[in-house]
Amino acid sequence: MTIADLWDQRISAFLLSPSQFLATTTTESFLAELLHELRNDKANDHLKILLVSVLLEHPTILCPSASVGEETALELLSVFSHTPQKSIVLKCNVMLAITNVIICTSCLATHTKTAEDWLDLLFQTIQDTNDYRCGLSQQPIRATACDCLREMETCSPGLLSQKLEALYLLKQQETTVLHQSYCLLYTLGLKNAIRILTNQKDVTDLEFKSILGGNEGFAWKSNQLELTSLPINMLVQVPRLTQGLDCKELKSIMSSLLEESYLLTPISQSALLRELVEVVAMVPGLSPTLFKSQLLRLFGTADVSLMHATLFMKDTFTDSLFTAEDENFLLKRLVGTAQHPLLRIPEKLFYMECILHFPENRPISSSGEESLPVLVTPRLAASLHPTVFNDSATMLCRLNLLCLVHLEADEGEADKGIGFLFNHILALLKIVDNDGSREVVVTSFRALFIFLMHFNDMEELSEKLIDKLCDMYSRHSRLAPNLIGLADHIQEHLDDPVWSVKLLRELQKCIMEMPPLQLTIHNLSWHLKVLKRVAKEGQITQRNTIYLLLNVLINSNLCERGNWQVGNAVLAVCRNLLEHPSIDQLFIELADLLQYISIQYDDTDIKDHARFYYTLLTNLSWEKLTGVLAKELDGGRAKERSHSAIMAESEGIVSNLTVHKTNRHVLQLIKVQEKATQSSSESVEATGEVRNCLEVYQGQFQTPGFGSEVTLRYNLTHAKETDLLFDKVFTICLHFELKDSNYAKVSDIHVPCVFRDGKPPEVKVKLKPFQPYPTSLCVSAMFTTQDGRSWHSRLPDVSVSFPEIFLPLPLPPNSSCECKEQVFEHIWEATASGNPDKSAISLFCFKPEDESLADLIKTHFQGYLITDQQSERSWKVLFFLPPKCHILLKITQAEDAARVSIATDNWELLPFVNSYLQNITDNCSSTVTDG
Amino acid sequence: MSIRALWVVSHEKGKSGKVRFSRRFPTVEFRAKSLAGTQYVAIPEDRVIPQLLLTELGLVDADKPYVEVRDDCARQHRSPAVELRLDGPGGRTLWPVLTVTQGVLILACLPLVEAPPEPRPPLPSLASVSKGLALLLGLQDFLCGPGGKPEPDVLASRLAALPSVLLQVCPLGRPLDTPPPAGSVPAAVAPSPGGAQKQPAWKAGVHRGRAVVSVALTEKVRSMQYGKSSQQDIWDVYGMVMCKCEVEGVLPNVIVTLTLPHNGSPLQDILVHPCVTSLDASLLTACSVDENDSSAFSGPYKFPFSPPLELFRLCSYTSQVPVPPILGSFKLKAEENHLKVNVILKLHESVKNSFEYCDAHIPFFNQNLMGSVEVKVSSGQLEVSKEKNLLVWVLGQKFPKSREATLEGTVHFSGTVAGPTDPLCTGLTAYIKLYFRVPDLTLSGCCVDQHSVQVYSSAKPRIVTTRELVSSEYYIWNSTGDAPVSSGLTVL
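Chains as they are written, first to last, in UniProt numbering: chain A, 1 to 931; chain B, 1 to 492.
Same shape as in the complex, but just chain B (with noise of 0.2 Å):
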């Protein structure tokens, strides 16, 4: 259960790979050598892991058309895994070196194999696997916290406090906990009384001072929309309840609880944060994989739990939902040099008529640039992007009274210079990308109810209870052109 090497290596286009951080373990080495035997393949230097690495990753000689050791097409990456060609192919491999990828950070660590090394033992019957992932997905926190895109600096600066996080989290090669994320301090910690009470391995102290505890549910919701008989329409909800406690005590006990309107569909699919004490069976029933079963259980659902110091997320779901907040048709139509354009987009009047901000874009590929522009909108404006071939009509904090809003008028494309290019957009295949959030709903219709939150502990805590509806890949395709299929759950 322990991993013989970790990594982190940068690509920048165009240049190649650097190793930012790397560490091994040779402890680990050690009985990796006595498990494979005369199979036993060495790690090499970090000086070739890079270019070993983006080979694999299909991440060098950009300008080349075609590499066989890159681009061949009997190896199959559809693995966590990969495998590290020493020297070439047919060669020694190194395997399973685990790999996640983020802007420009690669983090892979090499899990030990405790099985006999062939035939290569299937990557679920290795222990050191979950864990290795485990450890990379905390890493990737830690190194490039909520954003995910964090300035070189402060990478360099959380790089440099590499070695004392795994002196903690992962010492001998053992993965004993994730780093915390980046950015994650917790406020007033005092170290834990001492006394009968354990102290949890997850929390390195108690709290001190007001107690506070924050629920915060954020609902996202996903739509493809064609407008055709021939291909149905498809939305999909997806909701997290984050969590931060700032109650004292040891393991003081908070049970949080969501409930559904009557008739609402049951919460599917959901996942729970490890500090959840105890879960009921018909939590967990709902499966969207499954055909909806309108007599399944539909709350309230419990979490009954004990809070680490940091925000956390405690559960998540996905939600059926009957309707789209927004429908939208979106038609074009090409003549000569132009484009007829047509937009209708209605707010559902299940959905609250109050945006913090609602935008839709609307991109041309694969078209010269933008000429004139004679496009009226019924409400809100519209911005005109000549150099980017985009249109944002911005609807702003309300629909109008009727919930409807439409966009009408044609796009010139007299430029001679060719706009941005898109193989998948061709012809008169095109989208309408929608960015929107409304505070205070939750098209599920769950909800934390303030006074539902029940903590105990000595002091009575504030409870501050928040919900937002976000948009996520929310698309309208036109309807008079092919548009891709997003999911296979609508064809069988």
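Okay, chain A solo, but in the shape it has when bound (with noise of 0.2 Å):
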């Protein structure tokens, strides 16, 4: 594999999962191999813009403060500036990846000097039109300078507003297909500074001129506006500059803009013309009428971008530019556009949503709510009445807007039209019934779902639907999930849920007179399911669903067969069942049944929830029945860990709740502080089988899981704060979730308890690494409170940092110092000849204060030490890795520096030895205090 495609992986890696990759390496050492590799002469072009992506698409994760994205950006700078001429591509991703770092790093914001520095360089590019010096070819990089500006401008805006006058000229002066990139730069500072100019009290002519002939440096300072100013179909109240200022030169200025709007690309013309229309509109001597030469170009446009700028325009200026005519005009275009032969299906959809949210110029009610401009009749919508050709989007999207039309016209249009709608519903249904695909019926619901919220007041045509409905459903037990989901959407939708108790009634009905013959156990669980949910429902008496679930069980032989889950879904429609408001008149039908299951079904866990039911029945008063049978449904979402509850609903709300959620953190795990291990050298000296180290070394690993373990050791402790409920919880079960895909699954461990004020007991944790590196562990604990209680909660994540994964050479115990000497020097001299293929040296240097560096070791390194001569100040550290990484230290003292040679079998543990070696020189000084 190349270096190149090497990149490739990794960056595709990145850019899935920028946190899953970074769970193997470090910000710092990835960012710093990005910028070694551009820097990197060889590489090619492609694999620089590779490379460069990363820092395009995700500078804030690469550069997570102000300073590392200021040196990042520094950095780029310098190899946009070694980059030849000739790599245009790759410049112009530079330039992008550095605007993208400065502004998202809050550079340009804070006013840094790289940022200062960048504008200045973007500034001279795009003055700098001398193209052809170089041909044509550099073109490019101007354009790219442009769209850095203007990205600049919009999250800085006003920074261009004194420069406006030099930027006119250049957009004047350009008549290459770059004039587009100065046009809008121009525009959208010029539109920045007259917004700014509206916060001013009192604008004077000279100050309203100066706008235009600034030409002076960029405006750090100057009030500039909020970045989250919103375009001003947003605001409330447009903001405006004083009245009775000289616009000529202004208004000349918008007029040669709109004549040359036609040279650029549509979706550019839109940008422009939104921009020239927010400054009409803030600028009380222009005049809309402006526009009124482009306005017959706009209304036959098939330009999805330039039609929406249009009823932008229509938006802002209303009737001082659309004459009533023209507005029919335009609506009539915009229904004739939603249903176009030759438009694709999301403009449409996107022309429906213009129609229902019509800029009329006398709106009835300005609620961003859909409501249908007047001016839509039925006659006007005919054309997009649904059809069951339609895709389901368009159709669903018509359906909608045709209900609001029936639901305005007058009553003898209205009737022909809702009729025309039913019979599409309908029509629908009938496709269902044919066996319709999952989609057509999930498509079908919707529309139901639609009609019925416009018109389920009209009884006759409400109730037909409910007759279709059931006569579905007694071929199709299948929908039951869908015309539970539909009852429960109507109810929750509409104050009135008479429908769905209506629809629910007659499902009853329709599952009480069905012929035994159709009762089978794959339907039945449909129509349990329809039972449970009838159940909930007040209003319907429940005394046939009960003679039903006795008949069935006594005359068919399930209570024999003691399927499980058939048994939980009886219990579960008897579940709500108790909650019944006339469970009084009930009792003793329901009773008998819980005793039937209680004694006839053949599952034991069935056996005695139905025993329990039955207790609960006929021991509690019905208020404190449903209390108790509350209170286990409220407290969340937290993980249900009683069997029956899972099973008998899969997804969507469980009743049964037994284990209890707490946002705190209860517990925590605290690092045990190990001793220092002791020191090797103590070992006995025993001279003789030198030799066979090395292969017994080697042979260890014959063993399965030898030395793949790393144990670490924790006390669980109460956290700071808690409630007194938690000062001594039982049984607790620690789960353990890994972050990344590093390590093999941690398996859970079982505390017998933890008083908050006794000994904390130690847990071990033991961590099975793929790859020895730094991870973080998500924990949660499962207890048991003295009240009998039980809790889930969180526990503070753990982190497991790069040293704690060391572990001494594993060689039998009492090896001798020669043998470790050995298979160190064996190791060494395999790694520093490349073998394996993964193996590297590398070395790091620091200085050490004066005795600091055996103090250093002793600290660190103790454990791992192989020998130690510290008269010839020099010194050998083994860190073995499970599953089997070495890293290999030979540190030696020269005068002025300490030398550390580092040698891995590993390459991609370099990054971390680093970071740690780094860290804890970092602390030489304070190791010596402490020491």
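Source of the hints: derived by calculation from the structure; they are not laboratory data. Think of the CB as a built atom: it goes at the ideal place given N, C-alpha and C, for glycine as much as any other residue. Relax, there's no trap hidden among the hints.
Residues from chain A that face chain B, not an exhaustive set, calculated with beta carbons under 8 Å:
no., residue
1, 16
2, 17
3, 233
4, 266
5, 268
6, 446
Mind docking these for me? Both chains are given alone in their own frames, and the hints should help you get the complex.
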């Protein structure tokens, strides 16, 4: 695999999931690698563009602070200046990356030197129109510079407000395709400058003129606009300049911009138009009629963004630009385009949204809600009637629109229209009835929902629908979840639950009347779902449900079969019945049913449950009973541990909650400070078997699981602030979730009890790395409090640092020093000669203070020392990292610095080694004082 | 007027979705954060995007009959924008994610909401939405090309070219242009000569070489014929004028004029390409949603424009024509295990009897596979596809002199294997679908005269004009069975 392929893979992995990628390395080292490779002269442009893309897309991840951002921007700037002229695409990408880094790390907002330099460079670039020197190939650089400046002006509005004259001249001079870039940049600057001026009281003619003639520096501090300033269609009150200013010059600029707008691409034209509309709206001296000459061209356009800009104009200027005739015409065009056979579905859906929110000259209501313009009549909208041939989004969109139309229409016309829509719904249901696909079923129920939301008060129709739905249900019981969903949502969205109750009552009836043959195991589970939902309705009598259940259980072999799922579904119905307000009248029947299940059903769990419900029913008053059952319901979305609850309903809300959840940290894990491991030099001196050491060492790895685990010791204690309730907790189960895939799953740990004032129990967490990288674990605990309730709580995350994974060289106890040294030397030679493939050597130097080196070694490397020749000022250290990685250090003290030669059989560990060494040597002096 | 991120996701049947391309725009994200304040919702990592997107589009868990997050009836999928639920129902949502689906590809982008996030602003009030939409549709053309189904390796190479395309059309999240449609390589282009004339941004250079202007007019005719007094037959025509102008000059002027025959019905719903420089108000007045007004302007329709280098759609229109080109009658009668079929097709006298092809497809759904087929045709040949339960009547290039062709006979469904199914066509609900193309004809009578094309350019160009009529969704329903309503216009 080439270096480029390797980078390709790494960058794809990073872009797919930065968090997972960064679990295997650090941001600093990744950023450093990227920048390093970018400076590599041998890397080709293609690779470099790929590298830049990371900074282009995720600058804030790689540059977490403004200072890192600034450093990175500087680095990129030097890459930019060292990139040869001919690498145009790379240069453009680097320019975008610098702009992204500067804006996103707030270098621009805080006005850093780098931002200032970059801005100057960009401005010089756009002024350097002498492209001919290098041919036209340099044009993209200027275009990109314009884009970068435009983005900076957007993110820091007003930045260019004192440069308008220069920008205007540049725009005028430019005759190449770049004209568009200059034009957009100038217009944005102009708009922002005027917007800033509207904040000022009593603007004089001179001040107003000076904007257009500005040719000074960047306006870093002059009353800039908030970045969050909204476009004017979002404002209740449009900011306006003072009346009576001399607008002659501005007017001619506006006219020339409009005249040349035709030279822009449609998307850019629409952007330009929007900026100009905002300018006209803010300057009382400019009349909206300025746009009149463009209107016809815009009315006829096939381009969605231009049409949208026209509507924006309509919204802003209403009758000061659009006559009633224009308005009517525009709306008709919209209806025409909303169903134009040559436009694509998303466009047509968008135009339909535009009809629903059409900016009328005289709106009746100005709320953001969908309300039909008064001009949309049933006749106008007739062509938008939904049909079964429409795709589902178009059909639903049309249905919704037409429901609104007919809701508003005059009586005679409305009846006809509603009749049509109703027939359409029936046509959809017919397709469902003919075994339509899942998609058709879902779309039809969505259509039903829309129709009912508008016309549920038309009793005749809504009752016909109920008949139709029940009729269908009798043939297709798989529609149960759709029907339940429909009933739920109609009930939820309309204040009046009548329709849902009627539907459910009819469904209950429909199930009662089914011939016993249809109550097969498969269908029964759907019916039970429906009955369970029906049982929630206080207005529906439940006697029949109970009879049916009893009947089915007695007259079939269900009880003998003892299917747990079926039993549980029956119990789920019973559970809702227990809460039913008319329970008093059903008492005996329900008791019979529960007793029958508890005796006859051939499943112990179901029997127990039934007996439990029976006991509840026969011993508690209804008020208490509902209290008990309701109490189980609240408590949010904790992880349910009761199996019956989980199985009864795999999705949705489950009634029985046995585990409470607390969002506070109740417990925490505190790392046990290890006492320095016994110094290895104390091991017995044994000579003789030296030669075999290496074989012994390597042989050990034949044993499965050898040296694959790191054991970390923690004390399980209470977190600082907790409730008295949690002072004594029992039967704690600690559960660990890994944040990355570098470690094997950690098994749960059980602890009998933790008392706040007692000795904290020690917990040993066994980690089995696939890759020995630092990691962090999410820990949660399930435990019981003294009152018998179970709880679930998160613990603070446990982070495992790099040195925590270090193990001493795993040799049998009592191995001699020589033996260790032999192994050390062997591994060193092997890695130094590049065996295995991933081996690498490296060097780290630092300057220790006086005696601190020895202390440093004592504090950090004691347990890992192979040789300790303090007199010669040289040490050998070996870290073993499971599953089978080695980091070898040879430390020598030269005159002025300490050298740490590093060898490892896994080069991917080097960044961690580096930051580890950096870390411990930074604290060198403090170690001295401690020691 | 920017987008925060862009994705191209593919989903093969039965597999989970895969991000094929993605692009985030951090400076736009930076703005999104400060605009939304505490209500800001960050974009999740790419690895979770496909699942979120496919859930909203109803494309996950194809094997499960009902999944609440996917099938909930109160979630209305009737907008070009969906919301992604990041933490399941009730949690944070990412809105508005615009989507365009083509085949196995889903293109999606997230426009910046330059408005207070709550209450949710209407889609048309957001400037970025139409730009995002235009960008996505442009990307669709770029990736899929005119055929719509690129080969995997072609698609892969186009995806690989996306970063450099985006560098031009959307470098910092602000769409500047749409990507060039796939396969559109303009012929000999020379750099702009410079000088006083400003070069349009939509034209990379100027044409060099022989001057040729080609104007192709294509009309498509749709029809739903029921053969019943209770259900009115409908048909309509829509047309488009495609142009390719290889003319010298920075901004050469070209005028294309469409003319209608005397008393032809006016062209409606005219939409024009943005390069059209000016439009007469009378051109736009006719609209299909209005009642027909015979006094309306009926041409000539002049379109002055300055052409881009590539092939483009100059304008499109719809038209109401008095008669359908082929009037059909389709009668089915069910007898025991066979169906009696009777079809009559009549070619209208105004239509030139010279087809490139003309086929009638007669599919039978929800039946067992065909056994013996005893069917005679008065003209053309009959092809029987037993495994598809389909009769294809190839009428060929010409109708007989009488301009009428018939098909008659019985089809037995003696097999035991079930044939293709369709939830719409049950019982006697059945249709014939016609496929035909007639060169050098338009139904509306609209034409572009070669001599009416005016080009203001130094060299006199060669001018090529063509026209054709093509069928599109041309159905004839069995008159003895129920047929679905296909338009609201006939009801009101």
